[in-house]
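Protein chains: 2
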Amino acid sequence: MSQENTQDVHPVTFALAQIDACVGDIAGNGKKVLETATKAAQGGADVVVFPEMCLTGYPIEDLAYRASFRKAAREEAERLAVSLDKAGLGNLTVIVGTVGQDSHRGTDGMIHPRNSLVVLSHGGVQETYDKHFLPNYGVFDEYRIFSPGDDFLTFSVGGKKLGVAICEDIWQEGGPVAELAREDIDVLVAINGSPFEDGKISTRRELAVRRAQQVGAPVIYVNLVGGQDDLVFDGGSFVVSPSGRLLESSPQFAEDLSYWTLPAHTEADSLDSSITTIVPSQTSDWQVYHALVLGLRDYARKNGFTGAVLGLSGGIDSALTATIAADALGAQNVWGISMPSRYSSDGSKTDAEQLAENLGCHYHTQAIEPFFESFQSQLHLTGLAQENIQARIRGVLLMAASNSQGLLTLATGNKSELACGYSTIYGDAVGGYAPIKDVYKTRVWQLARWRNAQADERGEKEPIPVNSIVKPPSAELHPGQKDSDSLPDYHLLDKVLAAYIERSQGRQELLHDGFDAKTVDTVMRLVDRAEWKRRQYPLGPKVTSLAFGRDRRLPVTSRFRQ
Amino acid sequence: MSQENTQDVHPVTFALAQIDACVGDIAGNGKKVLETATKAAQGGADVVVFPEMCLTGYPIEDLAYRASFRKAAREEAERLAVSLDKAGLGNLTVIVGTVGQDSHRGTDGMIHPRNSLVVLSHGGVQETYDKHFLPNYGVFDEYRIFSPGDDFLTFSVGGKKLGVAICEDIWQEGGPVAELAREDIDVLVAINGSPFEDGKISTRRELAVRRAQQVGAPVIYVNLVGGQDDLVFDGGSFVVSPSGRLLESSPQFAEDLSYWTLPAHTEADSLDSSITTIVPSQTSDWQVYHALVLGLRDYARKNGFTGAVLGLSGGIDSALTATIAADALGAQNVWGISMPSRYSSDGSKTDAEQLAENLGCHYHTQAIEPFFESFQSQLHLTGLAQENIQARIRGVLLMAASNSQGLLTLATGNKSELACGYSTIYGDAVGGYAPIKDVYKTRVWQLARWRNAQADERGEKEPIPVNSIVKPPSAELHPGQKDSDSLPDYHLLDKVLAAYIERSQGRQELLHDGFDAKTVDTVMRLVDRAEWKRRQYPLGPKVTSLAFGRDRRLPVTSRFRQ
Numbered sequence: 001m002s003q004e005n006t007q008d009v010h011p012v013t014f015a016l017a018q019i020d021a022c023v024g025d026i027a028g029n030g031k032k033v034l035e036t037a038t039k040a041a042q043g044g045a046d047v048v049v050f051p052e053m054c055l056t057g058y059p060i061e062d063l064a065y066r067a068s069f070r071k072a073a074r075e076e077a078e079r080l081a082v083s084l085d086k087a088g089l090g091n092l093t094v095i096v097g098t099v100g101q102d103s104h105r106g107t108d109g110m111i112h113p114r115n116s117l118v119v120l121s122h123g124g125v126q127e128t129y130d131k132h133f134l135p136n137y138g139v140f141d142e143y144r145i146f147s148p149g150d151d152f153l154t155f156s157v158g159g160k161k162l163g164v165a166i167c168e169d170i171w172q173e174g175g176p177v178a179e180l181a182r183e184d185i186d187v188l189v190a191i192n193g194s195p196f197e198d199g200k201i202s203t204r205r206e207l208a209v210r211r212a213q214q215v216g217a218p219v220i221y222v223n224l225v226g227g228q229d230d231l232v233f234d235g236g237s238f239v240v241s242p243s244g245r246l247l248e249s250s251p252q253f254a255e256d257l258s259y260w261t262l263p264a265h266t267e268a269d270s271l272d273s274s275i276t277t278i279v280p281s282q283t284s285d286w287q288v289y290h291a292l293v294l295g296l297r298d299y300a301r302k303n304g305f306t307g308a309v310l311g312l313s314g315g316i317d318s319a320l321t322a323t324i325a326a327d328a329l330g331a332q333n334v335w336g337i338s339m340p341s342r343y344s345s346d347g348s349k350t351d352a353e354q355l356a357e358n359l360g361c362h363y364h365t366q367a368i369e370p371f372f373e374s375f376q377s378q379l380h381l382t383g384l385a386q387e388n389i390q391a392r393i394r395g396v397l398l399m400a401a402s403n404s405q406g407l408l409t410l411a412t413g414n415k416s417e418l419a420c421g422y423s424t425i426y427g428d429a430v431g432g433y434a435p436i437k438d439v440y441k442t443r444v445w446q447l448a449r450w451r452n453a454q455a456d457e458r459g460e461k462e463p464i465p466v467n468s469i470v471k472p473p474s475a476e477l478h479p480g481q482k483d484s485d486s487l488p489d490y491h492l493l494d495k496v497l498a499a500y501i502e503r504s505q506g507r508q509e510l511l512h513d514g515f516d517a518k519t520v521d522t523v524m525r526l527v528d529r530a531e532w533k534r535r536q537y538p539l540g541p542k543v544t545s546l547a548f549g550r551d552r553r554l555p556v557t558s559r560f561r562q
Numbered sequence: 001m002s003q004e005n006t007q008d009v010h011p012v013t014f015a016l017a018q019i020d021a022c023v024g025d026i027a028g029n030g031k032k033v034l035e036t037a038t039k040a041a042q043g044g045a046d047v048v049v050f051p052e053m054c055l056t057g058y059p060i061e062d063l064a065y066r067a068s069f070r071k072a073a074r075e076e077a078e079r080l081a082v083s084l085d086k087a088g089l090g091n092l093t094v095i096v097g098t099v100g101q102d103s104h105r106g107t108d109g110m111i112h113p114r115n116s117l118v119v120l121s122h123g124g125v126q127e128t129y130d131k132h133f134l135p136n137y138g139v140f141d142e143y144r145i146f147s148p149g150d151d152f153l154t155f156s157v158g159g160k161k162l163g164v165a166i167c168e169d170i171w172q173e174g175g176p177v178a179e180l181a182r183e184d185i186d187v188l189v190a191i192n193g194s195p196f197e198d199g200k201i202s203t204r205r206e207l208a209v210r211r212a213q214q215v216g217a218p219v220i221y222v223n224l225v226g227g228q229d230d231l232v233f234d235g236g237s238f239v240v241s242p243s244g245r246l247l248e249s250s251p252q253f254a255e256d257l258s259y260w261t262l263p264a265h266t267e268a269d270s271l272d273s274s275i276t277t278i279v280p281s282q283t284s285d286w287q288v289y290h291a292l293v294l295g296l297r298d299y300a301r302k303n304g305f306t307g308a309v310l311g312l313s314g315g316i317d318s319a320l321t322a323t324i325a326a327d328a329l330g331a332q333n334v335w336g337i338s339m340p341s342r343y344s345s346d347g348s349k350t351d352a353e354q355l356a357e358n359l360g361c362h363y364h365t366q367a368i369e370p371f372f373e374s375f376q377s378q379l380h381l382t383g384l385a386q387e388n389i390q391a392r393i394r395g396v397l398l399m400a401a402s403n404s405q406g407l408l409t410l411a412t413g414n415k416s417e418l419a420c421g422y423s424t425i426y427g428d429a430v431g432g433y434a435p436i437k438d439v440y441k442t443r444v445w446q447l448a449r450w451r452n453a454q455a456d457e458r459g460e461k462e463p464i465p466v467n468s469i470v471k472p473p474s475a476e477l478h479p480g481q482k483d484s485d486s487l488p489d490y491h492l493l494d495k496v497l498a499a500y501i502e503r504s505q506g507r508q509e510l511l512h513d514g515f516d517a518k519t520v521d522t523v524m525r526l527v528d529r530a531e532w533k534r535r536q537y538p539l540g541p542k543v544t545s546l547a548f549g550r551d552r553r554l555p556v557t558s559r560f561r562q
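Quick note, the sequences are listed as chains A and B, same order.
Each residue of the first sequence is one higher than the one before, starting from 1 at the first, in the working numbering.
Each residue of the second sequence is one higher than the one before, starting from 1 at the first, in the working numbering.
Hints are computed from structural coordinates only; laboratory data are not their basis.
One should not assume that every hint holds.
Which copy? The list can't say, so a pair holds if one copy fits it or any two copies do.
[Unchecked claim] Below, computed lysine-lysine pairings styled on DSS-like, alpha-carbon distance capped at 27 Å:
hint: 1; residue 1: Lys-86; residue 2: Lys-32
hint: 2; residue 1: Lys-71; residue 2: Lys-495
hint: 3; residue 1: Lys-518; residue 2: Lys-495
hint: 4; residue 1: Lys-86; residue 2: Lys-471
hint: 5; residue 1: Lys-482; residue 2: Lys-471
Quick caveat: nothing in here was measured; it's all calculated off a predicted structure.
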């Protein structure tokens, strides 16, 4: 589809509407699109660009199969076009991602709609484009639920020819972008639902530059922002020119409305001087920490929680988790419970208390000794069973606080623990959300130091007691216990885990990389045997290239050990 | 690929080798293939047909990404061919499913191998066929991990021309089967990894007849058997003729080696008189019960558990679960723990004890009162928090037994409870496996009556106390509590759940079907809000067309209520 450019040549102003949509809140998302578009028009926009599937929220998973869901989304798009017109914004062009036509019944007998983009103006849906490439790897299951588009779309606004694409479409050289490259477009508008991963922002920009070169026009990249279950969309929308210049960049991890104007004459010089807002680039620690905060904040908000409860052990994992919770929800909405046992060191108790005081969160102590004695007087447990029962008593206490006060329970396990199964299921693993489950232990330390340094820079008190950072990690479930009794040193462990988990290396490859056989065999055995526990672990935000969960689908029952 | 038929015309005997493979146990599976093929040759087979991916186990999920895994499978296939030859079976043709070539790198940067079939004879891999259609719906993620084949395969044995297909290939009219229809084949051999669903066996047979008609030759359908995480492969291999006659049928839920001989002359009359073993068809209750037993037995065996522990409440869910466990593992390997509270009726305690006596399993009573008092003396909980703490104390006790004795903990929740979130997470929901999680409450009663009737027929004592079947269901967490205080009557509830969950109906459709608005709104709200709990629930066997888990992927965070 394509329209002839018959109008005079003007600059065209685009608003990059980086909004946080909620899955299934179709009316609420529609209202936000209307309000944001209205504001953008007031700010001088000719075209407002919203992210992928922002009318339905994203990803919708098997909600795609529900006829009532698809109907609600279709009606909302039409209603939105009418509302914009009634508000006197009929001339505004609004590009919104949503669920598309019921065009295709799959071999599974279900209707597979399209992942679509609608162009709203003059009171109606003027154009539709359907996503061509459906990602079905990593966390994505789009081939499961959608059917692919088979056409491309260009249309004109103010005498300029726009081409469009949806997310994965620009990750491949063929398909719609290849078609657009033959269409002499003035700008390529890509709407995205691209989840955060450490380092991904530069990948996206490099990719967008390649596509800008391919189509010979600047690329406007608008990304969703917000947490959705185990994903955090980081926003970070931008505009790049074919020469590789960054013409606009929006902040990450916050809603934003920024503008960029396509000049009347689009020679390289005019384009490259069309720079507007450029936010400073941020460090990896800054990005990961903000992803964790936004992931938790949105999980709580979108699921109706105003506060959270967690156990404070005095250790680094609970300290970092509490700090994230205070930053996400406000310290006044965080309840920390210290649950010391006979094996807890004095240092642990004072570190926990000091943390709570630094944060200004609620703090409460509940010794587990009376409960432990009560169980032991009848059960006389030893060894692992005795260790686990302490952790499980703590789980019971946390859930009692959660049930009594309507609080979201936070699990404090890190990725190294989760990998090795170094946690007690139904004990320290209880919770509705696990903020640091995709953060290796060594990175936990690093983020804790980073967060303290941030406080320093702002002239605030460092939240995390230094002792929690520097002391040897211990579960404190038997006298003198240290993590290093059961696990390799975390600096070594995390390297083996990254190779085994994120790079899918087998035993021979790990040995070839110089890891010793004892460590490799221990780690592989621990990781493989802990799969059943990970399946029952709470959701938490993905921040690495390969998180546990739908990103890594392995059988529980598997005897493969190579 | 195709070979000319240059040989004389003989009858050809096929062995249907319905084996139970374990995912990742490549050497073990290879050994089983060798032993079974040897036995089949002794039984007079010319061709031995094994199920889909039986050399690697199935489904392999993201193990497909591991180079070490693919290499091990390739080497095992070659080793197997050599071993067969060395055993003097070089003339035998062995058709085995396995992971295939590393031919394709996906857009995700990972190697996507083929889902393949190899033909072994004369000491080598003589032919390879790659699955064409990759199921990516329901429980399947094959488009994620495999790349599709693009060719078909025929080859000759004893002067007969064989065509082959892998599972999903025969669910579609086009693709390789359409090619084979032009090839004048004498028989179509389809190898399968088709998981059990109530009613699926007749669907498979009708489908196979359609394909037999399409290619104008009988279809040999060999299916995997055994439990793998949440799937139960039911076997039930068979042979059908183009006229729709069942020429062979193997038992469900057990390993089997049966034979069928393709006559020298394959006119309809000769074919339809080539009937061999036909097992009697079984009722739906028989099939579902056997699926539950095999699911648990294989989960335990393949994960190294010899015994299981569960709470016996006197209710029907734990009674049926214990009976399944006794049938799966032997009563001497089942530990039932009665954990009465101040709210438990005398009837509950005697029913639990009676069940254990009937089954002959271990039985132990541990009142929760002292632990409950211990928590209450400090926490003074009320309402839901007080109810849940009782269930969580029981969870702690079960896991203590599990940890002390190395037992697999069984969760006893049914599908109706799981749907509505009518359980206590970390309480009665603890466990490594949940045998009846895909069985609605009304079906639980039905299966209990069926199992008792089976005992009657065999002249055995009925295992399940009638009182557990007929009494009103209660969680017994507060005085006089009944499930019907919180939930619609189960006969109504289960109908609404089936419509909402299995048929993806929305609110309007449910009202249109005649359900009242109050019930519909209650059920939809309960189901939607319980998603987070279901995510943390143990694995259990799928027996319906849509089970919770990877079969139904819905966001936890969703505000859609239509």
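Hint-by-hint comparison with the structure:
In this assembly of identical chains, the alpha carbons of Lys-86 and Lys-32 lie at most 27 Å apart only when taken from the same copy (16 Å versus 72 Å across copies). Proximity of Lys-71 to Lys-495 under the C-alpha cut-off of 27 Å is restricted to the inter-copy arrangement: shortest distance 24 Å between copies versus 49 Å within a copy. Within a single copy, Lys-518 and Lys-495 get their C-alpha atoms as close as 15 Å, which meets the 27 Å cut-off; across copies the closest is 55 Å, which misses it. In this assembly of identical chains, Lys-86 and Lys-471 lie within 27 Å of each other by CA distance neither inside one copy nor across copies; the values are 64 Å within and 61 Å between.
Taking CA atoms no more than 27 Å apart as the test, Lys-482 paired with Lys-471 passes inside one copy only; the shortest distance there is 10 Å, against 51 Å between copies.
The structure is inconsistent with hint 4 alone, although it conforms to all the rest.
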